[in-house]
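**Q** Just so you know, the sequences run in chain order A and B.
Number 229 in numbering that gives the first Met the number 0 belongs to position 230 of the first sequence; there are no gaps in the numbering.
Number 11 in numbering that gives the first Met the number 0 belongs to position 12 of the second sequence; there are no gaps in the numbering.
Just so you know, these hints were derived from the structure itself, not from any lab.
Just so it is clear, the structure is predicted and the values come from calculations on it, not from any experiment.
For each residue, glycine too, the CB sits at the ideal point set by N, CA and C.
Careful: at least some of the hints might be erroneous.
Stated by the list, open to error - Which chain B residues face chain A? A few, computed with CB under 10 Å, are given here:
no., residue
1, G26
2, N27
3, Y37
4, P109
5, T206
6, Q274
7, E287
8, G290
9, V293
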Amino acid sequence: MTASVDELHLIARRIRKTVLELSHRAGTPHLGSSLSCVEMVVAAYWGGLKLDPAFAADLSQDRFILSKGHAATTLYAALAMKGIFPESWLEDYAKPGSPLGEHPSPGTPGIDVATGSLGHGLPVGIGLALASRIQGRDDRVCVLMSDGECNEGSVWEGALFAPAQQLNRLTVMIDYNKWQATGRSDEVTALAPLREKWSAFGWRAVEVDGHDVAKLVYWLNAPPDADGRPTVLVAHTVKGKGVSFMEDDNNWHYRIPSSSEVTRALAELQPL
Amino acid sequence: MRNAFADEITTLAERDSRIVLLSGDIGNRLFNDFKERYPSRFYNTGVAEADMIGIAAGLALGGLKPVVYTIASFAIYRAFEQIRVDLCYPNLPVVIVGVGAGLGYASNGPTHHSCEDVAVLRALPNMTVLAPADAWELRSLLEAALQLTGPSYLRIGKKGEPLVHETRPAIQIGQALEIRSGSDIAILCSGTLMPQTLKVASDLESTGIKTSVFSMHTIKPLDEKLLGRLFRDVKLVVTIEEHSRIGGLGGAVAEWKADHFQANARLLRLGTPDQILHHSGEQEHALEMCGLTVEKMTSAIRQASAG
Ligand SMILES: Cc1ncc(C[n+]2csc(CCOP(=O)(O)OP(=O)(O)O)c2C)c(N)n1
Numbered sequence: 000m001t002a003s004v005d006e007l008h009l010i011a012r013r014i015r016k017t018v019l020e021l022s023h024r025a026g027t028p029h030l031g032s033s034l035s036c037v038e039m040v041v042a043a044y045w046g047g048l049k050l051d052p053a054f055a056a057d058l059s060q061d062r063f064i065l066s067k068g069h070a071a072t073t074l075y076a077a078l079a080m081k082g083i084f085p086e087s088w089l090e091d092y093a094k095p096g097s098p099l100g101e102h103p104s105p106g107t108p109g110i111d112v113a114t115g116s117l118g119h120g121l122p123v124g125i126g127l128a129l130a131s132r133i134q135g136r137d138d139r140v141c142v143l144m145s146d147g148e149c150n151e152g153s154v155w156e157g158a159l160f161a162p163a164q165q166l167n168r169l170t171v172m173i174d175y176n177k178w179q180a181t182g183r184s185d186e187v188t189a190l191a192p193l194r195e196k197w198s199a200f201g202w203r204a205v206e207v208d209g210h211d212v213a214k215l216v217y218w219l220n221a222p223p224d225a226d227g228r229p230t231v232l233v234a235h236t237v238k239g240k241g242v243s244f245m246e247d248d249n250n251w252h253y254r255i256p257s258s259s260e261v262t263r264a265l266a267e268l269q270p271l
Numbered sequence: 000m001r002n003a004f005a006d007e008i009t010t011l012a013e014r015d016s017r018i019v020l021l022s023g024d025i026g027n028r029l030f031n032d033f034k035e036r037y038p039s040r041f042y043n044t045g046v047a048e049a050d051m052i053g054i055a056a057g058l059a060l061g062g063l064k065p066v067v068y069t070i071a072s073f074a075i076y077r078a079f080e081q082i083r084v085d086l087c088y089p090n091l092p093v094v095i096v097g098v099g100a101g102l103g104y105a106s107n108g109p110t111h112h113s114c115e116d117v118a119v120l121r122a123l124p125n126m127t128v129l130a131p132a133d134a135w136e137l138r139s140l141l142e143a144a145l146q147l148t149g150p151s152y153l154r155i156g157k158k159g160e161p162l163v164h165e166t167r168p169a170i171q172i173g174q175a176l177e178i179r180s181g182s183d184i185a186i187l188c189s190g191t192l193m194p195q196t197l198k199v200a201s202d203l204e205s206t207g208i209k210t211s212v213f214s215m216h217t218i219k220p221l222d223e224k225l226l227g228r229l230f231r232d233v234k235l236v237v238t239i240e241e242h243s244r245i246g247g248l249g250g251a252v253a254e255w256k257a258d259h260f261q262a263n264a265r266l267l268r269l270g271t272p273d274q275i276l277h278h279s280g281e282q283e284h285a286l287e288m289c290g291l292t293v294e295k296m297t298s299a300i301r302q303a304s305a306g
């Protein structure tokens with residue numbers, strides 16, 4: 000691990016600040032969704048994977064796919080902070096002509112896959128992992144999905160296939176915040192027990208606190224499973240994490256914060 | 000339009016206890032009233048569109064009248080094979096309602112755009128394809144679609160679309176509605192570009208080009224009787240839609256014209272270009288990129304009618 004845990008927490012707070020400001024300025028929804036997965040994105044970019052901007056075109060880089068594309072602002076904040084594209088691009092987020100749309104667009108630096116339609120990231124991630132194995136490379140692939148996304152059949156089709164191919168350099172992180180767009184994710188479908196489901200499908204399935212960045216970094220760096228199983232981190236999270244009045248309140252799936260709400264939220268994120 | 004849909008389906012469900020509403024985890028509070036009144040007839044089937052269509056097929060086989068609601072792109076593209084095999088093959092009465100069709104979700108980016116939905120559904124046997132011009136047409140078409148014996152697709156806008164009609168029009172599926180008359184040019188519009196289309200027509204009229212406008216709320220089956228008359232009587236027929244020029248209303252009319260070589264009038268098809276609309280911004284800006292503004296459409300038609 001290159002950054003200390005304190006540094007990682009500071010980065011996470013700064014990402015939350017950017018995410019709040021982007022949602023407010025552009026009037027875009029899914030703020031709770033973006034806040035929910037900040038530590039997972041931080042762990043991927045600052046603690047776990049080789050995602051060096053200087054080698055963006057290098058196929059031996061690790062790959063990260065934000066499959067829950069509606070949390071694009073978290074990804075954008077991270078990519079800008081990492082210098083993968085200029086921070087100034089954030090100013091035009093969601094404006095006509097901006098490469099930073101409400102959902103990630105392939106062709107934007109640091110982004111390979113069009114996500115926004117849920118259920119695409121895992122199959123593409125499996126393809127990337129297979130490509131690297133076929134070509135004898137040892138890079139890793141990490142896919143961040145949401146719990147509502149696990150409603151999709153394509154997720155479970157991929158979940159069946161990856162272990163059959165022993166893709167043990169593939170890691171899935173599931174942002175298990177117990178909410179989807181219009182209901183509790185354990186009520187809309189019988190998602191629980193989620194870890195056991197993945198485990199039964201042949202994955203090395205681990206339950207973690209999705210805001211414990213050190214734990215996430217630990218697992219992203221853990222040696223590949225000796226039995227060849229891909230890894231899934233069933234990460235328990237809180238939607239709207241980091242802002243007390245947004246936490247676990249699914250109105251923030253759609254709501255856009257006013258300027259006074261942003262001010263109150265930023266006060267909670269100190270020190271920045 | 001989505002509010003009108005929620006309101007109308009709640010009313011219709013009162014009269015017909017076979018109506019069951021499925022939603023793909025969207026429409027947060029939209030169906031609260033429906034859920035309260037008919038708790039056993041509303042299901043959020045989750046972010047699982049293929050599954051939702053299959054379930055609807057089963058409900059229809061079991062004697063009910065399912066209505067399926069989600070964002071148009073996900074309803075059609077994710078579940079296309081289920082629509083073809085589970086609904087069209089056995090010809091089951093399921094109404095699919097696609098919200099924000101065309102560029103209603105422009106700012107969400109290409110994953111949420113649906114400018115090829117009519118093209119793919121129109122090719123399916125037994126499928127009826129409907130695109131109301133406003134909330135009033137939506138209400139009438141929804142009621143009519145629920146009387147069909149086979150599957151239908153209702154392609155609707157999102158919210159706040161201006162009204163075209165003052166009251167609920169009497170609508171027959173397959174029969175276009177004449178919105179204004181004129182003898183030089185006929186414009187056929189399907190869907191929510193109707194307010195702009197009417198503005199185009201009055202701009203043309205002000206320079207002496209007499210222009211009629213029809214709401215082609217039904218794209219399949221096509222109103223062939225009307226086409227026969229128009230292609231005989233006017234010099235230019237124009238199609239306008241928030242859909243690709245490939246395979247939509249314009250495509251359907253072009254196919255008809257190819258099969259009816261005695262058709263006199265020329266055809267101009269206005270729609271979205273054959274490209275993924277990256278970085279489009281809001282719907283208004285996306286329409287501008289596509290040349291679907293009043294000014295651009297008027298000048299395209301003027302040029303075609305002069306040529
Ligand atoms: C295929 C597909 N269907 C529907 C949607 C609309 N939609 C956007 S976010 C969302 C669900 C959000 O819940 P979840 O996936 O659990 O993520 P969270 O926001 O809770 O992090 C839905 C249904 C979509 N983006 N993709």
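**Q** Look at each hint and say if it fits the structure.
**A** Here is what the structure says about each hint:
no.: 1; hint: G26; in the structure: holds, 7 Å
no.: 2; hint: N27; in the structure: holds, 5 Å
no.: 3; hint: Y37; in the structure: violated, 17 Å
no.: 4; hint: P109; in the structure: holds, 7 Å
no.: 5; hint: T206; in the structure: violated, 31 Å
no.: 6; hint: Q274; in the structure: violated, 13 Å
no.: 7; hint: E287; in the structure: holds, 9 Å
no.: 8; hint: G290; in the structure: violated, 15 Å
no.: 9; hint: V293; in the structure: violated, 19 Å
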